[in-house]
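Asks: Here is how the chains run, residue by residue.
There are 4 protein chains.
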Amino acid sequence: MSDKTTIGVGMVGHAFMGRVHSQAWRSVGAFFDLPLAPRMAVLAGRSKERAAAAAARLGWADVETDWRELVARDDVQIVDICTPGDSHAEIAVAALRAGKHVICEKPLANTVAEAEAMVAAAEAAPGKSMVAFNYRRVPAVALARRYVEEGRLGEIRHVRAQYLQDWIVDPEFPLVWRLMRDRAGSGALGDIGAHIVDAAQFVTGQDVVGVSALTETFVKERPLAAGSEGPAERGSAARGEVTVDDAALFIGRMSGGALASFEATRFATGRKNAMRIEVNGSLGSLAFDFESMNELWFCAGGGGFERILVTEPDHPYAGAWWPPGHGLGYEHTFTHEIRDFLEAVATGAAPSPSFADGLRVQRVLDAVERSAADGSRYTTVEER
Amino acid sequence: MSDKTTIGVGMVGHAFMGRVHSQAWRSVGAFFDLPLAPRMAVLAGRSKERAAAAAARLGWADVETDWRELVARDDVQIVDICTPGDSHAEIAVAALRAGKHVICEKPLANTVAEAEAMVAAAEAAPGKSMVAFNYRRVPAVALARRYVEEGRLGEIRHVRAQYLQDWIVDPEFPLVWRLMRDRAGSGALGDIGAHIVDAAQFVTGQDVVGVSALTETFVKERPLAAGSEGPAERGSAARGEVTVDDAALFIGRMSGGALASFEATRFATGRKNAMRIEVNGSLGSLAFDFESMNELWFCAGGGGFERILVTEPDHPYAGAWWPPGHGLGYEHTFTHEIRDFLEAVATGAAPSPSFADGLRVQRVLDAVERSAADGSRYTTVEER
Amino acid sequence: MSDKTTIGVGMVGHAFMGRVHSQAWRSVGAFFDLPLAPRMAVLAGRSKERAAAAAARLGWADVETDWRELVARDDVQIVDICTPGDSHAEIAVAALRAGKHVICEKPLANTVAEAEAMVAAAEAAPGKSMVAFNYRRVPAVALARRYVEEGRLGEIRHVRAQYLQDWIVDPEFPLVWRLMRDRAGSGALGDIGAHIVDAAQFVTGQDVVGVSALTETFVKERPLAAGSEGPAERGSAARGEVTVDDAALFIGRMSGGALASFEATRFATGRKNAMRIEVNGSLGSLAFDFESMNELWFCAGGGGFERILVTEPDHPYAGAWWPPGHGLGYEHTFTHEIRDFLEAVATGAAPSPSFADGLRVQRVLDAVERSAADGSRYTTVEER
Amino acid sequence: MSDKTTIGVGMVGHAFMGRVHSQAWRSVGAFFDLPLAPRMAVLAGRSKERAAAAAARLGWADVETDWRELVARDDVQIVDICTPGDSHAEIAVAALRAGKHVICEKPLANTVAEAEAMVAAAEAAPGKSMVAFNYRRVPAVALARRYVEEGRLGEIRHVRAQYLQDWIVDPEFPLVWRLMRDRAGSGALGDIGAHIVDAAQFVTGQDVVGVSALTETFVKERPLAAGSEGPAERGSAARGEVTVDDAALFIGRMSGGALASFEATRFATGRKNAMRIEVNGSLGSLAFDFESMNELWFCAGGGGFERILVTEPDHPYAGAWWPPGHGLGYEHTFTHEIRDFLEAVATGAAPSPSFADGLRVQRVLDAVERSAADGSRYTTVEER
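Protein chains in written order, with the UniProt record's numbering: chain G, 1 to 384; chain P, 1 to 384; chain X, 1 to 384; chain Z, 1 to 384.
It is worth saying that the hints were derived from the structure and are not from the lab. All values derive from a computational prediction rather than experimental measurement. One thing to keep in mind: the hints can contain errors.
What the hints assert, rightly or not - Computed cross-link-like contacts, DSS-like style, restricted to lysine-lysine with a CA-CA straight-line distance of at most 25 Å:
id	chain 1	residue 1	chain 2	residue 2
1	X	4	P	48
2	Z	48	G	48
3	G	4	Z	48
4	P	4	X	4
What the hints assert, rightly or not - Which residues of chain G face chain Z? A few of them, derived with a C-beta cut under 7 Å, are:
id	residue
5	57
6	319
7	322
Using N, Cα and C, we set each Cβ at its ideal position, and we do this for glycine too.
Just need the whole structure built from these sequences, with the hints factored in.
Replies: In structure tokens form, the structure reads like this:
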């Protein structure tokens, strides 16, 4: 590895996403032949003390308390944005203008306007940019995409996508930032609905062109939390309004003629992280559930569904890891993402999913909200 | 059994539904302690020859070629209607007016108006009437209903219902009566969508109050068939227009505040008879798939899902059959239905599902079609 | 059906097996084109009153209280033996000598000597004879056999068979006849172990040639029951010795070189009727679990396992029933068995499994008991 | 992390096990609060060039070509042995005598004698020692152990353990070191059978006390390979003898009275890494399959099996990682192992599994081989 060109990375944010991105930066070189050797140069966090502790634990060489300082550093060529959605646009645009490569967590932004600004900045800048829809890098999802590309499903008729969680079923769960519109943009819709919209578009190679939607906030008020993500203030007497959706359901049409249904909810008791997609085509079908992330179910020609353990050497990403049957976990989707991003940076290829892909998802979410506000009327996804 | 009052049954139609109803009439007395002993008196079919062959095979004592003759017979107290939907209203109304008890296949009728006439006739007549939503009598579905009634799920938040088949994926599959609006009323919507609407309402005890819908006919023309149900004319050069939906997707709201999604399709390659329902409540969840009809998946309090093999003596209907683990099949849902109907006839209780329940489903289907025709706009299900 | 030759059936015993055989005799003609029309002529049971009640309920025209009278009747051409194993040999031999056809429940007998006498009688008599290993007639098991015959598995390396139940885990469950050696011959071994030995031999087309075995009786004494099958005397103070095995484990070799493992137990808490078999070959594998009886899992060429819903028209027996995805239940395995037996009787073909097949299983069970008694030493299955 | 005491690690071997151990050493500190900060000091490999490349890739600071040099280094306090079984004893004993802590891959040794020497050295030395049965650190397996300890299963009746792979089904797969007795000690038995013996003993808290066994080598000769693990020489004309078992089946008794069955094979076509264990007790049961490693199936009181996604904060190890439903992979079992080992080293507690535990497994494997050689006779596992 010593003879490879080193590339400096600066990461903004060190909560859940920061932890998993760090693990990916730290591990990727041990498993993939990288064109560039990433150096974990600097971590930015608002609190010096907490940032320093995180950097020590997660393996970052230095810290900054202002992301602008991080962006300005000469030893940073890649900016990795792991903050909530409300700051994505500002950081990404600044980083791109400073000539950096940018990898940004999803959803790309909290509004279409912000996402458009980011795409414009990406197009004008020399750096590469990528939005971190990590589920594309689940080997089973990548294999699903491959099967569709190879024509094994024929003409696609149905997409059935769900992202089911249950972490706020309890009405005493506090009002964390993900439940506040000004921080998170939306609720289940933007947080997890964005993933299944991207996955549906990625796997099928088709765009969602129009939707009809319902959204709901089942629990309207919750105990106030101290800004933390956790249920620290469970049972607090002070209450605040939940300003995002708890669940979003929408049906729609894909550009290739398929019908699609989507459901994103945090109220599916017993479903922990059931990010699911099923695609039915004229020649075959496939189905996936992230709760069993190493499995892809594939049906050829109307027979039964085959449970493919996606751990064979010729499966996407799998050859870099362990022998067949030795599964991967959640974190590895990020390792794969970082690997592909470094490849794009090194070769000059356009990373995928691009900011434009992120904007596309944002436009779908926007159409969902407009439809929900307009009596569920079928609403066309805005084209650029 | 010899000391029981005998009750004469006349059945109209002897295709798929007639075969399975016959098996139920023939078997029910061997497994359940019935208050009345059914006598399989007469079978009506348009062709004398075919009706006689069917009667011999299925165990009916006599035949008629005109259902009116069957309705008029003194040895018939129960009329069992197993014809396509376009004749349900006429036969049922006539039978009820003649003082007979009526059990009628689903969907209750092809239009709301017909269904209303049937309900009116049922209310005015002395006979008992029931619509044959057999899936209510799957032991697992009946157990699901019991769990909801017992409050084990708490407040219901989500209903997720699908009925997925794939028997017309092949564009050369012929234009059978189920693909003709004038015979079948609608396509996947009325044939299988009706089942999941009824199941959702039955299991949750809530009504669907409004829907937003998309329907699609993927294959617009098909080879003409000779009226048979089978693919007899596969590849025929003559083509006819498919006048019903191939698939119907709708999302909506339940009377108790839950969000619901429904999908009925005959284009889900590899899904043979996947009649599925999942319900998520504030305290628990349950999930069912008819392809594994002896299993109910139940989640209590946010733990994992328990696979309950619904074959224990204290499970609905199961005690009448075999020891635990010795599963039932499709036909037994009809045996249970007939048993419950005979019980209602004998005791004077109102059978369930009633014609009014059938009308309620019909109104939901009607709202689906109106929404689909009106830009997917959220459409309230008409109240009586 | 009226123009078919009628053949009279007499059944001995009307408990669990009698109930399910009756349903098969009653239903088979409605689904299969039979060469002979069975007439349910007479049922034999020791108690006149109980036999008469059972006959009325199950559809038998007459009753006898002595099986010898039944065997002697002119209107009986087929004798169906549904009694415990200790009376099989006597009844079967008498019936065969009287020129009847015989279908006999499994295990064929309680001892090898009895089974040999039955085979000798069968070979000397004009009537056809069959032992009722009904699991061969599960469509999925029959399909498994077909796949092996077609060479899809290549050279067979492993057989893994289990029959897991849990109905006597509770030490207060009473001492029913199945727990008494003089009635049942053995415990889990003969009752359910016999099924998996037969299934393993049937599916692979190979014989078990030697075994090494362990058996155990976990609960040595149980409350005395009144001879009934049910837990009528649960908690009774009087206790009796359990004289059969609760569980039997054995490993062995098949005639074609495969290794095999078998486990039969009534102490597998939570497993209700898990009759399972997995076969691994050089080219493919298959797996089955009766708790999901409509499914066969098939692996071709080292890929994943495909879940085949064995309900397609070209699957064994399935075409006679319902459309794809509309599953069968436990009882239908008997319907299929009766159908095949009638076919054999009509055509003069040898029924399968024959009494010789039943004897072969008996010899394996005998080798298991001899091995268990001899320090688990590998014990060759006796050849005739 | 900077204020923690650092402890130097030296690893011997850098093939499959070396890669996964390295990832664990590199990652463990980012997820667990460690009492000691491991420093990846030195990697030993016979080829300087290959060891240096591996060290660079895997993150080791230095290399040695002789493991003795590694053991002698002052900056090494922990020796991690990732070589084939034939060198375990020599390295471990030397390291222990040099005052090092030792973590050693499984099986502990190739013979009981070697294992005994290792246990003796461990008992005499100040350093801590551990054998790397990593499957104990699958969260689901650790949870299984917890459930048994808490008495949720009651009295244990059955253990059913299998380790099924298929990587040498192809007779042209070359003669790699794992197929040579002098290198690997045994075949499937020691490589994967060891895991299920340890898992059975760990989960139940009972020892295997006696076994009856069959072993088989299906493919007696294979193409000669160049010593590599991979199929580099597939199809080579030169052949060598396979000197280990391809499959081992054994049944036996546990110290608490349970019956146990074990099967280890590399010929289970379609099973990639199916390390499975099921335990049935008088009060409950549990089942696990590593191919779905984030799931534990638990049955309480004879109800159905609950699928527990072992990713909740209160599940073993799971709280250190991601939110519920975000699964772990194979590598994390090693991260957990390293974490527990460091904890033991820091606190002076005895690591588990100890070398004595490894010896216990070795004695079981020895009894298996003796039984197989002695007509499968029941063979008592030697006590120390």
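Asks: Hint numbers the structure violates, sorted upward?
Replies: 2, 4, 6
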